[in-house]
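Trainee: Going down the list, the sequences are from chains A and B.
Taking the working numbering, the leading residue of the first sequence gets 1, the next gets one more, and so forth.
Taking the working numbering, the leading residue of the second sequence gets 1, the next gets one more, and so forth.
FYI, nobody ran anything at the bench for these hints, they're computed from the structure.
Among these hints, one or two may not hold up.
What the hints assert, rightly or not - Derived EDC-like pairs (lysine to aspartate or glutamate); straight-line CA-CA distance at most 20 Å:
| no. | chain 1 | residue 1 | chain 2 | residue 2 |
| --- | --- | --- | --- | --- |
| 1 | A | K308 | B | E345 |
| 2 | A | K311 | B | D205 |
| 3 | A | K317 | B | E345 |
| 4 | B | K308 | A | D301 |
| 5 | A | K311 | B | E207 |
| 6 | A | K194 | A | E352 |
| 7 | B | K317 | A | D288 |
| 8 | B | K317 | A | D205 |
| 9 | B | K194 | B | E345 |
These numbers were taken from a predicted model, which means no experiment stands behind them.
Number of protein chains: 2
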Amino acid sequence: MQTITFPYQQLFTFTENIFRCIGFSEENYTLATKVLLQADLRGIDSHGIARLSGYVRLWEAGRLNAKPNMQVIYETPSTATLNGDTGVGLIIAPKAMQIAITKAKQCGTGWVAVKNSNHFGIAGYHAMLALEENMIGIALTNASPLVAPTFSTERLLGTNPIAVAIPALTQEPFVADFATTTAANGKLEILERKGENAPWGWLQDAEGNITTDTQARKKGGALLPLGSDYEHGSHKGYCLGAIVDIFSAVFSGANYASWVPPFVSYLPLPQNPVGEGIGHFFGAIRVDAFRPAEEFLKEMDNWILRFKNAKAIEGKKVLIPGEPEREQEKLRIQNGIPLMPSVIEDLKQLAEKMKVDFLS
Amino acid sequence: MQTITFPYQQLFTFTENIFRCIGFSEENYTLATKVLLQADLRGIDSHGIARLSGYVRLWEAGRLNAKPNMQVIYETPSTATLNGDTGVGLIIAPKAMQIAITKAKQCGTGWVAVKNSNHFGIAGYHAMLALEENMIGIALTNASPLVAPTFSTERLLGTNPIAVAIPALTQEPFVADFATTTAANGKLEILERKGENAPWGWLQDAEGNITTDTQARKKGGALLPLGSDYEHGSHKGYCLGAIVDIFSAVFSGANYASWVPPFVSYLPLPQNPVGEGIGHFFGAIRVDAFRPAEEFLKEMDNWILRFKNAKAIEGKKVLIPGEPEREQEKLRIQNGIPLMPSVIEDLKQLAEKMKVDFLS
Chain A
1 MQTITFPYQQ LFTFTENIFR CIGFSEENYT LATKVLLQAD LRGIDSHGIA RLSGYVRLWE
61 AGRLNAKPNM QVIYETPSTA TLNGDTGVGL IIAPKAMQIA ITKAKQCGTG WVAVKNSNHF
121 GIAGYHAMLA LEENMIGIAL TNASPLVAPT FSTERLLGTN PIAVAIPALT QEPFVADFAT
181 TTAANGKLEI LERKGENAPW GWLQDAEGNI TTDTQARKKG GALLPLGSDY EHGSHKGYCL
241 GAIVDIFSAV FSGANYASWV PPFVSYLPLP QNPVGEGIGH FFGAIRVDAF RPAEEFLKEM
301 DNWILRFKNA KAIEGKKVLI PGEPEREQEK LRIQNGIPLM PSVIEDLKQL AEKMKVDFLS
Chain B
1 MQTITFPYQQ LFTFTENIFR CIGFSEENYT LATKVLLQAD LRGIDSHGIA RLSGYVRLWE
61 AGRLNAKPNM QVIYETPSTA TLNGDTGVGL IIAPKAMQIA ITKAKQCGTG WVAVKNSNHF
121 GIAGYHAMLA LEENMIGIAL TNASPLVAPT FSTERLLGTN PIAVAIPALT QEPFVADFAT
181 TTAANGKLEI LERKGENAPW GWLQDAEGNI TTDTQARKKG GALLPLGSDY EHGSHKGYCL
241 GAIVDIFSAV FSGANYASWV PPFVSYLPLP QNPVGEGIGH FFGAIRVDAF RPAEEFLKEM
301 DNWILRFKNA KAIEGKKVLI PGEPEREQEK LRIQNGIPLM PSVIEDLKQL AEKMKVDFLS
């Protein structure tokens, strides 16, 4: 499919205008735009501007509060729980991370659980906020159920990502950001649009048999936890997804398991919710929490260089987590962001509906 | 292979005697025995009494201090770093977890990094110590390099396990404890002894090609990170192993990557060490760190019941992490612990060498 490339700044202005139209404050529409488009810059196209119309539909359905009154509802010296007041995850998450950072300044570490939120963009963005403060950042979120635990035929977990950002002295930071499934849902959407099969181990059908049919998700099937099947450790992927669900939602009082509300507004909210909205979990750890800062940062340099210089399979190299996304970001800031025709069409319709000029 | 079953108490007394012989204090030989045999009770045979003679050989080689002077060398309100003084990981880890618990009582959470340690048994034991205090427990450790990061032909990571224990109100606790590789090294050892091939995706050869030859580990090959290959998410398993390595060793000042010292005393220590011993990382989180304790525990019950009662593949059921090990523990306390002939032979030789009666 032929993509068309748009300058970052043009997409930025358009997205700001849309968020302004639905009533975000100036501070919030700029922040929400920055967080959302970070996904496009880093090459995680499924989590960026492609979701903009989805946020607007959530707002139209009364499931997203444009002027939330976020409040810390519970705390200890190193922890806090934030009620996001049904605001957009894109602004709730940086606020929560800020609280974690403030706690870490006092206690060495800070930990914030969030309820009553929704999709927060890419987890990596929030984890990376800690880097600016010379801290290690952690961001987790649960998400609507697409994944079957090992041996289950029901979807009970989201793709529940884990992001960990760790600064170094002279090297670029280590930034891991990954779904706890074998494959990202976005990759499956692309295969489905092309009419291609998925590789073995990404999906199961309604009876729990592994299938390569990308349509399986629409016929009662599910994504598989990292590991694919029991023989290849899918119970470990299930453990990871479960830990993210519990830390994000059982800690905070958000919905978990099959009760997590869907991002898409055309699906009904689950009956008998067990909490409020979706949940996130954030952590900030001072680089001098366990040893003097310079010692830690110097060893991180050495760790990174050891892995970078590892002997590799012919024609390949060992990557440091975050390297490919950083490369992508450099390229896309310079050359612009390629959008799929279907995304452009969706944004045009959004522009018309909201009476905003499309990318003018 | 025919196993012979021994009563738990008999193995306990024998192991205590061995640890006493090499100079452990009364408090420490009982504790080390309890931790070590917890692996046998929970069915993780590779990490239990089968390793006893290995600890003794480490002591003989002067790499294990029977009377360590463990000291907190750095701290903040919610964190501490413990120098294990080359003691046995089996006693250093519970000590570190105790410090994390004490910190959590003050701050809501407590986090302890450890250097200058060695093998600590099963991670799950240490995470579960938090349950007794109505806390969530976390335990990580690095280990000698057996695993190749994605695209690497070098071994740079250990099987680096993650354990997370979470209490509930009336339900048994959630206890995840898993290596960040596709398969446990212990399973490969069993296949190798039987002369059988490994499944696809567990191992690579010296050139980085996936192989089913269990001998590959001895011919320059490596274990694969959870996910097996790039198409199935091995870069995520690599991220997990890397995070465990950094939290355990770069935080604390232990050795990381290819510098982690081997457990077996016949292998030389790596040249130019970057730290001291191996590293661990522990966390304790009060159940009332984010919301009132009873609310949290009640929701955990509900989370567990939702997954327990999930619709399952015919003939299977969805397990809660920790369930199989708990079943095993009940059975083995009652019926005894089965040992392989090779382990029995090894223990007999150890008994003779140490002039301790073998299981009398």
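Trainee: With reference to the structure, classify each hint as holding or not holding.
Mentor: Hints and how they fare:
1. Restraint check: the Cα-Cα separation between A/K308 and B/E345 comes to about 44 Å, which exceeds 20 Å; the hinted pair is violated.
2. Between the alpha carbons of A/K311 and B/D205 the distance comes to roughly 13 Å, so the proposed pair stays at or under 20 Å and holds.
3. The hinted pair formed by A/K317 and B/E345 fails the criterion: a straight-line CA distance of about 45 Å is larger than 20 Å.
4. Straight-line distance between C-alpha atoms of B/K308 and A/D301 comes to about 44 Å, which puts the hinted pair past the 20 Å bound.
5. Annotation: proposed proximity of A/K311 to B/E207 holds, straight-line Cα distance about 10 Å (limit 20 Å).
6. Of the supplied pair hints, the one linking A/K194 and A/E352 is violated, its CA atoms being roughly 28 Å apart against a limit of 20 Å.
7. This hinted pair does not check out: B/K317 and A/D288 have alpha carbons roughly 45 Å apart, beyond 20 Å.
8. Note on B/K317 and A/D205: the hinted pairing holds, with a Cα-Cα distance of about 17 Å set against a maximum of 20 Å.
9. Restraint check for B/K194 and B/E345: the C-alpha separation of about 18 Å stays at or below 20 Å, so the hint holds.
Against the hints set out earlier in the document, violations occur for numbers 1, 3, 4, 6, 7.
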